[in-house]
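Student: Sequence:
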Amino acid sequence: MRMILAVAAVLYSASAFAQTDKPPMVGDKPLVQVKPKGTKAGTKEAAAKPASAAPKGKPQSIAVRLQACLDIDDGTKDRLNCYDAVIPPAPKPKAPKAKGVADCRFLKEEDERLACFNGFAESIPKLPKS
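Quick note: the sequence shown uses the working numbering, first residue 163, plus one each step.
I should point out that these hints are in silico values taken from the structure, not numbers from a laboratory.
In this text, a Cβ means the ideal position worked out from N, Cα and C, and glycines have one as well.
Check the hints yourself; a few may be wrong.
Claimed, not checked - Okay, the calculated beta carbon distance ranges per label pair:
1. 170 - 193: 30 to 38 Å
2. 232 - 265: 13 to 21 Å
3. 184 - 238: 47 to 55 Å
4. 273 - 250: 58 to 66 Å
Just need the whole structure built from these sequences, with the hints factored in.
Tutor: Take a look at the structure:
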């Protein structure tokens, strides 16, 4: 019984000494927190992506991200930028007819690419929100 009380007293006193008011130091400099790399709220890339496109947690599928682009006004450069963020463009001079949504990236003209993405994004069945 005395041994248990002695161990408990040592553990409680160690936790009391571990609490300090000063931040941890590395040499003479305080320890700093590193911010994750990514877009900031004021940049053009962040404005082009809808807020629901990057929630924390598990990554979203391409279908969900394309459907999120449908919330942006149709026929605008912002919607095309949203689609291009999901599937980056790789224009070809003679693009084949798009058989899937990934083939839309090969179209050179922005209007054609936007219409192609719209056609596929609107035909995707709505997924239940989990």
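Student: Per the hint of 30 to 38 Å, is the separation of the Cβ atoms of residue 170 and residue 193 within bounds?
Tutor: Given a distance of about 31 Å, which is inside 30 to 38 Å, the answer is holds.
Student: Do residue 184 and residue 238 keep their Cβ atoms within the hinted range of 47 to 55 Å?
Tutor: holds, 52 Å
Student: Just to be sure I understand the hint, the distance between the Cβ atoms of residue 232 and residue 265 should be within 13 to 21 Å; is that true here?
Tutor: holds, 19 Å
Student: Just to be sure I understand the hint, the distance between the Cβ atoms of residue 273 and residue 250 should be within 58 to 66 Å; is that true here?
Tutor: violated, 18 Å
Of the hints listed earlier, the one the structure fails to meet is number 4.
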